[in-house]
Amino acid sequence: MTDTRKHYPVADLKNSVNVGRNESPRVSKLLQTLSLEELLTAEKKDEEVNDQRVQWFHGSLTREGAETLLREGKYKAGDKANSDGLFLIRESGKNFALSLISDNKCFHFIIEQKSPGYFQIDEGPKIKGLDKLVDHYNADKHGLPSKLSHFCGGKSPPVASRHRGFTNLLHRAVVEENEKVVEEILQHSKCPQINAKNSKGATALHEASELGLDHIVSMLLKHGADVSIRDANHHTPLQRAAVTDRDNTIHLLTQTGKSDPFDENPHNGWTALHEAAMRGHIKSVKILLSLCPCPYPRNADHNTPYHLAKTYGRNECQRYFEQYKLPEVVKQIRVYYHSELDREGAIKLFEINGKRDGLFLIRRSTKGDTTSKYVLSVCHMGEPHNYVIKSKVDAELNKNCYFIDKGPYLLSLEHLIYYYSRWEGGLPCILIAAITTNFDIDEIPRHEDYYNLTLDVNTTVTNKAPQKPNLPPRLEATAPPPPLHSTIPTSPKIKSQAPPLPSERPPPVRSDLRKSDSPKADGTKPHASLSRKASGGTELEAQPTSEIKEIKEKNIKKGNIIGEGEYGSVIKGVLTESDGILSKKKRDVAIKTFHEGCVGSEPDFLREAEVMGSLDHKCITKLLGVCNEKGKLMLIEEYVPMGSMLDYLIDHRTEIVIRTDLYLWAGQIAQGMEYLESKKLVHRDLAARNILLKSKTQIKISDFGLSRMTGENSDYYQASAGGRWPIKWYAPESVNYGKFTHASDVWSYGVTLWEMFSFGEPPYGEKKGIEVIQELEKGRRLACPDSCPQPVYNLMQKCWLYTPNKRPTFNDLYHEFIDDPEYADISHILKK
13 MTDTRKHYPV
23 ADLKNSVNVG
33 RNESPRVSKL
43 LQTLSLEELL
53 TAEKKDEEVN
63 DQRVQWFHGS
73 LTREGAETLL
83 REGKYKAGDK
93 ANSDGLFLIR
103 ESGKNFALSL
113 ISDNKCFHFI
123 IEQKSPGYFQ
133 IDEGPKIKGL
143 DKLVDHYNAD
153 KHGLPSKLSH
163 FCGGKSPPVA
173 SRHRGFTNLL
183 HRAVVEENEK
193 VVEEILQHSK
203 CPQINAKNSK
213 GATALHEASE
223 LGLDHIVSML
233 LKHGADVSIR
243 DANHHTPLQR
253 AAVTDRDNTI
263 HLLTQTGKSD
273 PFDENPHNGW
283 TALHEAAMRG
293 HIKSVKILLS
303 LCPCPYPRNA
313 DHNTPYHLAK
323 TYGRNECQRY
333 FEQYKLPEVV
343 KQIRVYYHSE
353 LDREGAIKLF
363 EINGKRDGLF
373 LIRRSTKGDT
383 TSKYVLSVCH
393 MGEPHNYVIK
403 SKVDAELNKN
413 CYFIDKGPYL
423 LSLEHLIYYY
433 SRWEGGLPCI
443 LIAAITTNFD
453 IDEIPRHEDY
463 YNLTLDVNTT
473 VTNKAPQKPN
483 LPPRLEATAP
493 PPPLHSTIPT
503 SPKIKSQAPP
513 LPSERPPPVR
523 SDLRKSDSPK
533 ADGTKPHASL
543 SRKASGGTEL
553 EAQPTSEIKE
563 IKEKNIKKGN
573 IIGEGEYGSV
583 IKGVLTESDG
593 ILSKKKRDVA
603 IKTFHEGCVG
613 SEPDFLREAE
623 VMGSLDHKCI
633 TKLLGVCNEK
643 GKLMLIEEYV
653 PMGSMLDYLI
663 DHRTEIVIRT
673 DLYLWAGQIA
683 QGMEYLESKK
693 LVHRDLAARN
703 ILLKSKTQIK
713 ISDFGLSRMT
723 GENSDYYQAS
733 AGGRWPIKWY
743 APESVNYGKF
753 THASDVWSYG
763 VTLWEMFSFG
773 EPPYGEKKGI
783 EVIQELEKGR
793 RLACPDSCPQ
803 PVYNLMQKCW
813 LYTPNKRPTF
823 NDLYHEFIDD
833 PEYADISHIL
843 KK
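Residue numbers (this note's numbering): 13 to 844.
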């Protein structure tokens, strides 16, 4: 087989031809001098020229065929240096494959399509568009044997797999709102591919949906336009319509196009309802809820559309959510709830009924805490899958909500069944049929039969309270599940005490906050000396250098959740303090709580309180006191209004000035860490996520849950206990030997600097911890971020020296920012 194709360089994979909205004459004007046939023919030639840079795709070429092309290309390329990086991309089942030559060898990598239009090689980053993925591995090899340098010429990749494309006549006619020309193009034999993306990454359907051109939307849907394709901003056409408040278009896309209203933006987890609520588009909010009554999906930040409406002052939308009531359901959850069934009994019932996919039931949870009373058991591929259904009263919504993992807040168990019978939402399959308490199989009703809904575009669901049906009352979270006393057939084995689910943890062993025999007059209690074994077995003595103030729960008013982690949440609140005999003052605070059932979290929180109680520095978050009433432990800390520096880096990149803001923050972090060093404390979790911004000119180091004292006669803390460690921020000696010193904190400081100057990029991408460790042992380090000045990167590299005592101290790092003339304009702020 002879390769007649050329081998093109991959210097720039982005479009060199941008035919935009304002860069060419209107289509209608062009048609006055040229026929549509002539225009489409000329455009096809332009597109072929434009696409030469991305013609590395070879369709269903076999692995052997790919190796033949690559080796012939290598032979023509001549020497080895030029052959390294020669590649092509081909189909591989439902995915794609990258075939690459490096060091005279052929390598093949599966390019997995993680979701429509998003691709990933091994454990690398998920990237939108094959063209952008090639661009990523052209810039650096990122774990491949060689970076992609030139390719075997083939054809352009499928339009749906691309990040951006070529702006064609169809795109332009849609934007010009020319229905007649759009119709003529769609009926023409040389019509462009209907799902092709323009130079901005949008399809014709995206553009028509954003503009609310319903007649054009209908034509595009009729000709096979795909409603699931995402544009360069990760939006589907439905989400575009919600952004611009096109309620009729939303109805058309969902009812005719079958667009999923709960399709989440993979970048931030927003649904169309989030987009509409955040912008105050009440028409779109109403139509979305009339079509699908699920008002509280959660995005990646755990915010519902209601929370966004409230945050951004969209009062009409906020009131609508507050007054919203679910329409009446046809069947109550009682018939699906098996109060005395355990896991083994559920398995037996699935076996009796043929292990049908989507078969489910609800049973009582064996978990002891009050938030997890129910378990959803669902059968898929012959195997049972169990999901704890949690419940909580959302403080802002003032509604009881049910949820599974990170799924939406759902207002009843009936609502939960409805949602998961339409969308998988993290389950292995949708719910199709239930095993009732009478052991019948009950098929889940269709959408229009489940609720009493009005689906006309000109009407919306009325928010009157539903009339009580002549059915048993549904289960409420305020009362324990009613005993239904179902009789199980003799074949399933039922136990009185079911074994715990894999995802369930036993409740933590509680211990009271350490107290002295008598409180002081001002309500504080002495901070007792601690004498306990560290996880490494060494005795640690924390001296009574401070006092922890105990705060009464009645003096705390809780507000919104402003942060959540694996072990707890941070809530904004208001603390009322005595300011004299009669007067009181209020101050904003951050309330740190921990989740029920998180083993070991309370001792960690107590340890964090002990650490923070001894600290007093402008660059360190201040602990105000501890509340430990009714078995609930809360740390009350100063409120830092601008939140995480990491979030600020990502959300406000254009507002950050590198040579002032980033340098200032870097200097203050070094200043705060130098203070910790003077207190013989190692932080062990220094990262951008744990730096808070009090203002644009003041940072605060927070999260001391992993911090430890080094002891009087040692400069390091030895850890031997397991647990989740932030490996990508850890020095080699910490990972390999559990040894934590101020020098290992310096290593973490270097990674934090890298996060700052890359504006919040994750260090090492999506590589696993073991891969990062292997890279470090080979002497490899994070590459210099694009916007990072070389002197700062040189400083990072010093922080990442393998030998700890060769790394700079925090005093050295602080003075790098104080003494260097380049940073002179911020030195006066640092010295304050």
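Simulated from the structure, these hints should not be mistaken for lab results. Some hints here could point you the wrong way.
Here are the simulated distance ranges between beta carbons [said to hold, decoys possible]:
id, residue 1, residue 2, range
1, E334, T268, 49 to 57 Å
2, E778, K117, 20 to 28 Å
3, D313, E76, 42 to 50 Å
4, E773, V586, 29 to 37 Å
5, E455, E395, 20 to 28 Å
6, H629, Q809, 22 to 30 Å
BS3-like mimics (lysine-lysine), calculated; alpha carbons at most 30 Å apart, straight line [unchecked claim]:
id, residue 1, residue 2
7, K411, K708
8, K144, K106
9, K360, K337
10, K322, K337
11, K569, K106
12, K153, K192
13, K634, K779
14, K751, K708
15, K597, K418
16, K780, K584
17, K598, K569
18, K564, K411
19, K692, K630
20, K780, K691
21, K596, K630
22, K138, K153
23, K159, K234
24, K692, K570
25, K337, K138
26, K597, K570
27, K596, K634
All figures in this text were calculated on a predicted structure; none of them were measured in a lab. Glycine residues also receive a C-beta, built at the ideal position from the N, C-alpha and C atoms.
Going through the hints against the structure:
1. E334 to T268: 49 to 57 Å: 32 Å, violated
2. E778 to K117: 20 to 28 Å: 25 Å, holds
3. D313 to E76: 42 to 50 Å: 48 Å, holds
4. E773 to V586: 29 to 37 Å: 36 Å, holds
5. E455 to E395: 20 to 28 Å: 22 Å, holds
6. H629 to Q809: 22 to 30 Å: 28 Å Cβ-Cβ, so the 22 to 30 Å window holds.
7. K411 to K708: 36 Å, violated
8. K144 to K106: 19 Å, holds
9. K360 to K337: Violated, at roughly 38 Å.
10. K322 to K337: The given pair, whose Cα atoms are some 18 Å apart, holds under the 30 Å limit.
11. K569 to K106: 53 Å, violated
12. K153 to K192: 48 Å, violated
13. K634 to K779: 35 Å, violated
14. K751 to K708: Between K751 and K708 the Cα gap is close to 35 Å, so the pair fails against 30 Å, i.e. violated.
15. K597 to K418: 38 Å, violated
16. K780 to K584: Cα-Cα ~34 Å, so violated.
17. K598 to K569: 10 Å, holds
18. K564 to K411: Roughly 26 Å between the alpha carbons, so the hint for K564 and K411 holds.
19. K692 to K630: 18 Å, holds
20. K780 to K691: Distance ~34 Å between K780 and K691 Cα, so the pair is violated.
21. K596 to K630: Within the cut-off at roughly 25 Å; holds.
22. K138 to K153: 15 Å, holds
23. K159 to K234: With a Cα-Cα distance of about 43 Å, the restraint between K159 and K234 is violated, given a limit of 30 Å.
24. K692 to K570: 34 Å, violated
25. K337 to K138: With a Cα-Cα distance of about 39 Å, the restraint between K337 and K138 is violated, given a limit of 30 Å.
26. K597 to K570: 16 Å, holds
27. K596 to K634: With a Cα-Cα distance of about 21 Å, the restraint between K596 and K634 holds, given a limit of 30 Å.
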